[in-house]
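Given chain A's structure and the hints, the job is docking chain B onto it.
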Amino acid sequence: MSTRLLLIASTLALWVGFGVAPDAQEDRSARAQASCPQAPVQFHPCALEKAKTFTPPRTPDGKPDFQGFWRGQPAATENIEEHPKTDDDDGGRSLIVDPADGRIPYQPWALQQVRDNRAHYVEPNAACFPSGVPRSMYVPTQIEIRQNASGVVILFERAHTSRLIPTDGRAHPDSRIKLWQGDSRGRWEGNTLVIDVTNQNGRAWFDQAGHFYTEAAHMVERLTLVDPNTIHYQVTIDDPAAFTKPWTMAFPLRRNRQPGFALLEEACHEGERSTDRLLGLGFKIYPGVTGPPNR
Amino acid sequence: MRKQLAIVLGVVIVAGGTAATQQQGRSTPDLQGIWQAMNTAAWDIQDHSGQRFPGLPARFAVPAGAGVVDGNEIPYQPSAREQKAENFRNRVTADPEASCYLPGIPRITYMPFPFQIVQFSDRIVILYEYLHATREIYMDGSPHSELALDSWMGDSRGRWEGNTLVVDVTSFNDRTWFDRAGNFHSDQLHVVERYTRDGADQMMYEATIDDPKVFTRPWKMRMPLYRRAEPNAQILEFECYAYARDTAEAGSR
Numbered sequence: 159m160s161t162r163l164l165l166i167a168s169t170l171a172l173w174v175g176f177g178v179a180p181d182a183q184e185d186r187s188a189r190a191q192a193s194c195p196q197a198p199v200q201f202h203p204c205a206l207e208k209a210k211t212f213t214p215p216r217t218p219d220g221k222p223d224f225q226g227f228w229r230g231q232p233a234a235t236e237n238i239e240e241h242p243k244t245d246d247d248d249g250g251r252s253l254i255v256d257p258a259d260g261r262i263p264y265q266p267w268a269l270q271q272v273r274d275n276r277a278h279y280v281e282p283n284a285a286c287f288p289s290g291v292p293r294s295m296y297v298p299t300q301i302e303i304r305q306n307a308s309g310v311v312i313l314f315e316r317a318h319t320s321r322l323i324p325t326d327g328r329a330h331p332d333s334r335i336k337l338w339q340g341d342s343r344g345r346w347e348g349n350t351l352v353i354d355v356t357n358q359n360g361r362a363w364f365d366q367a368g369h370f371y372t373e374a375a376h377m378v379e380r381l382t383l384v385d386p387n388t389i390h391y392q393v394t395i396d397d398p399a400a401f402t403k404p405w406t407m408a409f410p411l412r413r414n415r416q417p418g419f420a421l422l423e424e425a426c427h428e429g430e431r432s433t434d435r436l437l438g439l440g441f442k443i444y445p446g447v448t449g450p451p452n453r
Numbered sequence: 007m008r009k010q011l012a013i014v015l016g017v018v019i020v021a022g023g024t025a026a027t028q029q030q031g032r033s034t035p036d037l038q039g040i041w042q043a044m045n046t047a048a049w050d051i052q053d054h055s056g057q058r059f060p061g062l063p064a065r066f067a068v069p070a071g072a073g074v075v076d077g078n079e080i081p082y083q084p085s086a087r088e089q090k091a092e093n094f095r096n097r098v099t100a101d102p103e104a105s106c107y108l109p110g111i112p113r114i115t116y117m118p119f120p121f122q123i124v125q126f127s128d129r130i131v132i133l134y135e136y137l138h139a140t141r142e143i144y145m146d147g148s149p150h151s152e153l154a155l156d157s158w159m160g161d162s163r164g165r166w167e168g169n170t171l172v173v174d175v176t177s178f179n180d181r182t183w184f185d186r187a188g189n190f191h192s193d194q195l196h197v198v199e200r201y202t203r204d205g206a207d208q209m210m211y212e213a214t215i216d217d218p219k220v221f222t223r224p225w226k227m228r229m230p231l232y233r234r235a236e237p238n239a240q241i242l243e244f245e246c247y248a249y250a251r252d253t254a255e256a257g258s259r
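Chain order of the listed sequences is A and B. Numbered according to my numbering, the first sequence spans residues 159 to 453. Numbered according to my numbering, the second sequence spans residues 7 to 259.
The shape of chain B in the complex, shown without the other chains:
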């Protein structure tokens, strides 16, 4: 445990040092607004057929979808590949989403709920509709926090590379998945996100996933995000665990 903490701290300090230079101020790209993915990655980030989902009525079956993973291949280490298969078999209950837990990064980005990006002088805040999750991305060149070693949503430090917002995310726990198909990671997960506006109502989202305990090499997922352009669009609430309590209560009546 102590050794692991020391290693994580070492990584944190090194990673923080490289983020020290960045542009700031009035000329930064405007990513503000309400955005949402439009794909089936929430079900499975890889190519997949339409299929039933165990325990759900047919109308809630899994829609077929093209994957969002570069090359469609996730480079699992052999034991991790077995774990993924086991996760898939147990996905109805083993998926942390089934317990309404915070879904982590990047998963929350492509769940079927909007999120709002709000920019300030020294940070970017993302408000997610799912589980009223929030995220602060520090843009002041500060290093990763030593206090957030074991978190669901990670510790986010951002910088601008040209028109791209690059966010370095570390300090994850090992309890979130990438999708409902059992794709997973360990607490060594390191995510680098890239948000690039490439249209008035569209941006490209890319996440590089590195986890030396689970994968043989870093890999990428990529997808467009679309602006929720409805004039009355706003972030509302999806209170998963409250609905779980209400469902249990309704069942007992």
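Pulled out of the complex, with its shape left as it was, chain A reads as follows:
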């Protein structure tokens, strides 16, 4: 009996140890079976076209059923713009589908701020701070979506963060309340879940490359099932303090179909050792910026 349990235990230990491998396989097989290509700039128009004819499964109260486990675009957490493979990065394509050049339309001061961010500040996710919105949707982690009649809950394995998205028409709280994850309010437009995100504290980044937004940022996300195992995810970012115009990212969320899958606890801060070293090297904790510095 106890030998058998030990066998089970060591099998499980192997499972845990190689936890990343099944995910990667899952990603590859999902990609192979998906009818729209993975690259955002091709995926975006293809998925929007498919959304016109796809009839999604429904929850008991008649809403499109997004429930289950999903995965975004992991390389984007390195840099949401196109970036090469280097010693530090796996490399990847831009998530930005508008503007067409795939670049964030920064105001001049904000472009300098990106450089300052990289040079002077601890990447907020390294310190286990919440990833914020939209980064939560593409950090390399598992995403769980659950729905009931009053709203949508999204749970992220990374640093055990979450989003609660009421769909009952309540308004955002006063703008004096600022949040790492922002405040999310959802509504249904046909088969699309539209989420309005405000009340940002501006301390989360888009990625490790220092791309940022301010507390004035207003995000509108659109989630649409385009086949049983693919969500078209789109987010438009409007931040008049940092950008010259609103811009849009789009990418697929692919379903994790591993039977019996469940999120595990990722106690990020409890085991985190890199921030003290970075502070020792002179990096600072990013306080957020609201506009051009007075220089």
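If you are wondering where the hints come from, they were derived from the structure by calculation, not from laboratory data. We put the beta carbon where it would ideally sit given N, CA and C, even for glycine. Take the hints with a grain of salt, since some may be wrong.
Stated by the list, open to error - Below, in silico cross-link-like pairs of lysine to aspartate or glutamate (DMTMM-like), each with a Cα-Cα straight-line distance of 25 angstroms or less: (1) A:221 with A:207; (2) A:336 with B:252; (3) B:226 with B:204; (4) A:336 with B:103; (5) B:90 with A:332; (6) A:208 with A:256; (7) B:219 with B:76; (8) A:442 with A:245; (9) A:442 with B:252; (10) A:221 with A:326; (11) B:219 with B:128; (12) A:221 with B:146; (13) A:336 with A:315; (14) A:336 with B:255; (15) B:90 with B:216; (16) A:336 with B:212; (17) A:221 with B:36; (18) B:226 with B:180; (19) B:219 with B:92; (20) A:442 with B:255; (21) A:442 with B:243; (22) A:336 with B:236; (23) B:226 with B:156; (24) A:243 with A:259; (25) A:221 with B:128; (26) B:226 with B:167; (27) B:219 with B:36; (28) B:226 with B:212; (29) B:90 with B:252.
Stated by the list, open to error - Looking from chain B toward chain A, a few residues come up when the C-beta cut is under 8 angstroms (computed): (30) 125; (31) 206; (32) 242.
What the hints assert, rightly or not - Example chain B residues on the side facing chain A (calculated, C-beta under 7 angstroms, incomplete): (33) 103; (34) 107; (35) 108; (36) 124; (37) 126; (38) 131; (39) 133; (40) 138.
Coordinates of chain B only, in the frame set by chain A:
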């Protein structure tokens, strides 16, 4: 280590088997909403006087409070009682809360922050304001996960007993405490929580604590939880370790 793992797995498998039968579906009680304890258990789960807290200004002193432990007695084994006393002496730095670590179950329930219960067909999710902690309570009769052997918030499997939500929680590490007074447990902790609505805006919370390495017998704590009935109540954020970083940064300026 291997033997310990085998024992834990054995417990997990046995406990899982008993949870297989349960009711499901539309008739389950509604526990949804934002709840919060209103007591001083976060400071000390036992009866205690008002007193200074070392290192804090007087306005942050410990408020007096009646305990939440049945009979007010925690049945520590003799060596564990000494450990508790030592924890109390070192509480300013030894309390895992001082490091902003996940506080475990049941402690997070009676910290001075609200939490929101959201019910789904096969699980209940609890979103805590403190440290953006989350919890998934599986209601599908599934056994405890073999993958969560050493966790801060444990592995939760729930069932309905009449109007009561009963949650069996195992797979804890030995690094969380019950309060700021040094009450503690080992990695053999087994918690059974009972949530019972007994009013529109009130429910009774009961936690049975068993830990054969620390206590001589199981014991219980019990307290009412109250609905945060303000129309604008919502779960916000208390990012303890971010504030710790900000405090250090402010200190260096």
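Verification of the hints:
no.: 1; hint: A:221 with A:207; in the structure: holds (20 angstroms)
no.: 2; hint: A:336 with B:252; in the structure: holds (16 angstroms)
no.: 3; hint: B:226 with B:204; in the structure: holds (19 angstroms)
no.: 4; hint: A:336 with B:103; in the structure: holds (24 angstroms)
no.: 5; hint: B:90 with A:332; in the structure: violated (44 angstroms)
no.: 6; hint: A:208 with A:256; in the structure: holds (20 angstroms)
no.: 7; hint: B:219 with B:76; in the structure: holds (20 angstroms)
no.: 8; hint: A:442 with A:245; in the structure: holds (24 angstroms)
no.: 9; hint: A:442 with B:252; in the structure: holds (10 angstroms)
no.: 10; hint: A:221 with A:326; in the structure: holds (13 angstroms)
no.: 11; hint: B:219 with B:128; in the structure: violated (34 angstroms)
no.: 12; hint: A:221 with B:146; in the structure: holds (23 angstroms)
no.: 13; hint: A:336 with A:315; in the structure: holds (23 angstroms)
no.: 14; hint: A:336 with B:255; in the structure: holds (20 angstroms)
no.: 15; hint: B:90 with B:216; in the structure: holds (16 angstroms)
no.: 16; hint: A:336 with B:212; in the structure: violated (34 angstroms)
no.: 17; hint: A:221 with B:36; in the structure: holds (21 angstroms)
no.: 18; hint: B:226 with B:180; in the structure: holds (19 angstroms)
no.: 19; hint: B:219 with B:92; in the structure: holds (17 angstroms)
no.: 20; hint: A:442 with B:255; in the structure: holds (8 angstroms)
no.: 21; hint: A:442 with B:243; in the structure: holds (22 angstroms)
no.: 22; hint: A:336 with B:236; in the structure: holds (19 angstroms)
no.: 23; hint: B:226 with B:156; in the structure: holds (23 angstroms)
no.: 24; hint: A:243 with A:259; in the structure: holds (20 angstroms)
no.: 25; hint: A:221 with B:128; in the structure: holds (18 angstroms)
no.: 26; hint: B:226 with B:167; in the structure: holds (18 angstroms)
no.: 27; hint: B:219 with B:36; in the structure: violated (36 angstroms)
no.: 28; hint: B:226 with B:212; in the structure: holds (7 angstroms)
no.: 29; hint: B:90 with B:252; in the structure: violated (31 angstroms)
no.: 30; hint: 125; in the structure: holds (7 angstroms)
no.: 31; hint: 206; in the structure: violated (17 angstroms)
no.: 32; hint: 242; in the structure: holds (7 angstroms)
no.: 33; hint: 103; in the structure: violated (12 angstroms)
no.: 34; hint: 107; in the structure: holds (5 angstroms)
no.: 35; hint: 108; in the structure: holds (6 angstroms)
no.: 36; hint: 124; in the structure: holds (6 angstroms)
no.: 37; hint: 126; in the structure: holds (5 angstroms)
no.: 38; hint: 131; in the structure: holds (6 angstroms)
no.: 39; hint: 133; in the structure: holds (6 angstroms)
no.: 40; hint: 138; in the structure: holds (5 angstroms)
In the structure shown, a violation is registered for the earlier hints numbered 5, 11, 16, 27, 29, 31, 33, in ascending order.
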